[in-house]
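Visitor: Those sequence lines, one after another, are chains A and B. Mind the numbering: the first sequence is residues 1 to 755 in the numbering used here, read in order. Mind the numbering: the second sequence is residues 756 to 918 in the numbering used here, read in order.
Heads up, a few of these hints could be off.
What the hints assert, rightly or not - Among chain B residues calculated to face chain A with C-beta under 10 Å, some are:
#1 G801
#2 G805
#3 E851
#4 L854
#5 E855
#6 G862
#7 T865
#8 L895
To be verified - Examples of chain A residues toward chain B, derived with CB under 8 Å:
#9 P12
#10 R13
#11 V20
#12 A24
#13 Y26
#14 D28
#15 L181
#16 G233
#17 G234
#18 D266
#19 R267
#20 L634
#21 V643
#22 A644
#23 M667
#24 V678
No lab work stands behind these hints, which were simulated from the structure alone. The model shown is predicted, which means the values in this text are computed figures rather than measured ones. Ideal Cβ placement from N, Cα and C applies to all residues, glycine included.
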Amino acid sequence: MKSERIVALSAPRKEGRDKVTGRARYIDDITLPEMLYGATVRSRIPRGKIKKITFGPGINWDKFVVVTAKDIPGKNYIALIENDQLCLADGIVNHPEEPVLLLAHPDRHALPKAVEAVSIEYDSLPPVFTIEESERQSEIIWGADNIFKTYLIQKGDVDGIWEKADYIVEGEYSTGAQEQLYIETNGAIAAFDAERGLTVWGSLQCPYYVHKALMALCNLPETKVRVVQTETGGAFGGKEEYPSMLAAHASLLAMKSRRPVKIVYDRAEDMVATTKRHPSRTRHRTAVRKDGKILGGEIELVIDGGAYVTLSPVVLSRAAIHAGGPYEWPAIRVRAKAVATNAPPHGAFRGFGAPQSLFAMERHMDRIARAVNLSPVEIRRINFLKPGQTTITEQTINEPVDLGKMLDRALEHSSYEAKKQWFARENESGAVRKGMGVAAFLHGAGFTGSGERYLASVVGVEGTAEGRVRVLVSSTEFGQGTNTVLCQIAAETLGLPYDDVEIAQPDTTEVPNSGPTVASRTAMVVGSLVASAARGLEQTLTASGKLGKTYSAEEFRRACREHVAAHGRFRSLARYEPPANIYWDDQNYRGEAYAAFAWAIYVAEVTVDLATYSVSVADFVALQEVGRVLNPVLARGQIIGGVAQGIGFALYEKVEWRDGCMQNGQMTNYIMPTSADVPPIRVFFEELGNTHGAYGAKGIGELPMDGPAPAIVNAIEDALGIPLDSVPLLPENIFDAIASASNRESDARSPTGVR
Amino acid sequence: MTKTGATPCDVSLIVNGEPRTVRAYPMERLLDVLRQQLGLTGTKEGCGEGECGACSVIMDGALVDSCLVPVLQAQGSNVVTIEGLGKDARACALQETFLECGGAQCGICTPGMILAAVHLLNEKPEPTMDDIRDGLAGNLCRCTGYVQIFEAVAAAARRGVAR
Chain A
1 MKSERIVALS APRKEGRDKV TGRARYIDDI TLPEMLYGAT VRSRIPRGKI KKITFGPGIN
61 WDKFVVVTAK DIPGKNYIAL IENDQLCLAD GIVNHPEEPV LLLAHPDRHA LPKAVEAVSI
121 EYDSLPPVFT IEESERQSEI IWGADNIFKT YLIQKGDVDG IWEKADYIVE GEYSTGAQEQ
181 LYIETNGAIA AFDAERGLTV WGSLQCPYYV HKALMALCNL PETKVRVVQT ETGGAFGGKE
241 EYPSMLAAHA SLLAMKSRRP VKIVYDRAED MVATTKRHPS RTRHRTAVRK DGKILGGEIE
301 LVIDGGAYVT LSPVVLSRAA IHAGGPYEWP AIRVRAKAVA TNAPPHGAFR GFGAPQSLFA
361 MERHMDRIAR AVNLSPVEIR RINFLKPGQT TITEQTINEP VDLGKMLDRA LEHSSYEAKK
421 QWFARENESG AVRKGMGVAA FLHGAGFTGS GERYLASVVG VEGTAEGRVR VLVSSTEFGQ
481 GTNTVLCQIA AETLGLPYDD VEIAQPDTTE VPNSGPTVAS RTAMVVGSLV ASAARGLEQT
541 LTASGKLGKT YSAEEFRRAC REHVAAHGRF RSLARYEPPA NIYWDDQNYR GEAYAAFAWA
601 IYVAEVTVDL ATYSVSVADF VALQEVGRVL NPVLARGQII GGVAQGIGFA LYEKVEWRDG
661 CMQNGQMTNY IMPTSADVPP IRVFFEELGN THGAYGAKGI GELPMDGPAP AIVNAIEDAL
721 GIPLDSVPLL PENIFDAIAS ASNRESDARS PTGVR
Chain B
756 MTKTGATPCD VSLIVNGEPR TVRAYPMERL LDVLRQQLGL TGTKEGCGEG ECGACSVIMD
816 GALVDSCLVP VLQAQGSNVV TIEGLGKDAR ACALQETFLE CGGAQCGICT PGMILAAVHL
876 LNEKPEPTMD DIRDGLAGNL CRCTGYVQIF EAVAAAARRG VAR
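So here's chain A without its partners, still in its complex pose:
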């Protein structure tokens, strides 16, 4: 066994130097000879039949390449789960940003006018814009009932708990859409030639998703479609499914024009037309004993999926499984539903449903605390899941997680009790109110249930002719540290210096399908496979006698070079094997939902200005258990970045909708946190030293998105003494809540929602 020298150290980011010198090449930095620029003509109404398309005057249309649905060589859909989303509208539009036709021209500046000059006449159909309208089914816009997907999770005897309850606590919580707002907008370049087929370069998370979509759309065999990820300037889920659409559009234009075509969205188009976080509404009804123990409850969760199915079933699944939080529920029933509206499809965004349902759960815990007259800290402590107990899907907690101890540590770091007392005195007067809020949560790593089994990811590790090691994966780098961490794992496994290991650019002709880069699965699932493929490389060299049982880096390099000289390309592949004794029932949503959970306690301190109703986060403690921390600098960066996005989700980022269309698709009026807005974000890791993943890693990327919003809103409630049940919470929302709370107070004396 080699000593572990690279894993758990902050190895420098593999592509870091290119990034800090400006050499890194993103999609818009690439220009091909003879390249055209593409643009998309979109629907401008939420729902209707296309009657007529007119190419207006003043444009030399002969100079434009025009593509409509009729030009599609294969199937007119973007292959994903249900294949219900068309690549280009064919007679009917179902949301106000639906692509109708495509234009390409050598001069990118010629495109905006041409797009404007295409006029489309419609017969409008009645649209549906909200969860409530969709549920009423007065207008059916999708399937038989506007419902994309439902799940039911049941554990224990829910119907029997209500009569045993000392309190029944009810609440309704909602979360808004949120834009991923990666700083590099979506973009792709496609090139086609009859012999080699289609090549697409793009800013994207999942090369093989795009590959699959293009094969169906362009009617091309696997070998005639090549997808290459270029340096990707942020993604956060926002480049999981949408790049298939964009790549499809660029490809159709390239196939028709026989010239390379680049489409890069400007910020406005990216914000209004591409996916956002699903808006949600969650209702809780909970039976509680007078000592604070939860006896059971019902959770009804609905997400707004927009006009097409896309990833909504999967987002809903994760939302449902996380809906009970890190608590022990003797009995629970979760009914989850994704509904259709005439808005652009909502999609993947870091957290993937969990931020929505955990916001509700963690707000509801504070409401329960108030009902039973316990502190937010004690109510959580009493109900925390403990090793040996089961989650709401009846997955037994097998690792020695001690949430109570983590809570103590987080409270200590945040000086919670002292500040609570101090604020109680300070809040009696003055122009500001201060508060402390806690959120406890978990996040499952990897695909849900049998997902990893179906993915059956494959990873390669190559020994090169130069004696170096190359990691071959379709897992992509978009800031999280994929390149670095996977190289660290390979170097660690082989006992080589970190600099001896490199990673291939994700290119479907070069790398096997290691699955999509989503679901906090890369370090844990793909990392394990990298280790295993690296061991395969070593075994081949030792078995052939080229390498001894122990070896120096130079001996490894030489053995590698000799092997390549003698046998040619030298690769070792590893395929995902599901662990034995994993039980998951897809029908009843029961069993081991995730290979591992990460756990966290976040504490927020807020200051509310009573003159402006603005909230600032004064301090933030983020304590989590994510298994082994493979690279402390990168891991800490993931947490801080996620917390900042969570602060935006809670306090700033509001999508203003009108008729299914985002009205504030600009950075000027959709506000994300700036350097002046973020508090000190203090990150602490617990490490249980478990056996998950490569060298003990669990998932980390999404976790920090789940906790900030409830911790912050709980802190605002602590400061103001009024319940606040939705995010984003802008100053005007706080003003309204204060006004309606004082109205309620004059109306009645009983607190809302508590029996």
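Start from chain A and add chain B according to the hints.
Guide: Below, chain B without anything else, positioned relative to chain A:
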């Protein structure tokens, strides 16, 4: 928008220490001229409306959003982009500390952020944490939550380069 109502003209400016003359429409964005005509793609477009700072360059000592600068306005000026920082000791120190501290994740805001940091340290070689927050407030980063960027700038300042 970029080309209406005018004919191309010659614009002379100094870019990264070298005199350059470009033929461009007067209202063409400096950003596009740098990226497309001069091939300096290290300057990024994030929003096109001066909100995100990804296109930051230093023009005559001032930090500007190159998406908001019509190229004619840059006539005779001295422009420094990320590609022109190669030998600047302060910039090199920042590039190292960004790497060490985790100041770059996806990297798309990084060139602009480093130029903002160079500009800040030129003005205030020993910045306080508030100076750093203010100095970078025009440059949005969606990945890092800024904290490790602050640490990188503070670390570079501590190294006290070029003083």
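Visitor: Holds or violated: A/L181 as interface residue toward chain B, Cβ cutoff 8 Å?
Guide: holds, 5 Å
Visitor: For the hint on A/G234, does the least C-beta distance to chain B fall short of 8 Å?
Guide: holds, 4 Å
Visitor: Would the hint on A/P12 stand, with a C-beta cut-off of 8 Å toward chain B?
Guide: holds, 5 Å
Visitor: Against chain B, run the beta carbon of A/A644 and see if the smallest gap drops under 8 Å.
Guide: This interface hint holds because 3 Å falls under the 8 Å limit.
Visitor: A/V643 was flagged as interface toward chain B. Is the shortest Cβ-Cβ separation under 8 Å?
Guide: At 6 Å from the nearest chain B Cβ, A/V643 passes the 8 Å test, so the hint holds.
Visitor: Have a go at the A/Y26 hint: is there a Cβ in chain B nearer than 8 Å to its own Cβ?
Guide: holds, 6 Å
Visitor: Quick check on A/V20 please, does its C-beta sit within 8 Å of some C-beta on chain B?
Guide: The hint holds - A/V20 has a Cβ within 8 Å of chain B, the shortest such distance being about 4 Å.
Visitor: Would the hint on B/T865 be counted as holding, given a Cβ-Cβ threshold of 10 Å to chain A?
Guide: Holds - the Cβ of B/T865 comes within 10 Å of chain A, reaching about 5 Å at its closest.
Visitor: Double-check A/R13 for me: the hint is only fine if its C-beta lies closer than 8 Å to a C-beta in chain B.
Guide: holds, 7 Å
Visitor: At a threshold of 10 Å, is the proposed contact between B/L854 and chain A supported by beta-carbon distances?
Guide: The hint holds - B/L854 has a Cβ within 10 Å of chain A, the shortest such distance being about 5 Å.
Visitor: Would the stated hint for B/E855 survive a check requiring a Cβ distance to chain A of less than 10 Å?
Guide: At 7 Å from the nearest chain A Cβ, B/E855 passes the 10 Å test, so the hint holds.
Visitor: Using 8 Å as the Cβ threshold, decide whether A/G233 counts as touching chain B.
Guide: holds, 3 Å
In the structure shown, no violation is registered for any of the earlier numbered hints.
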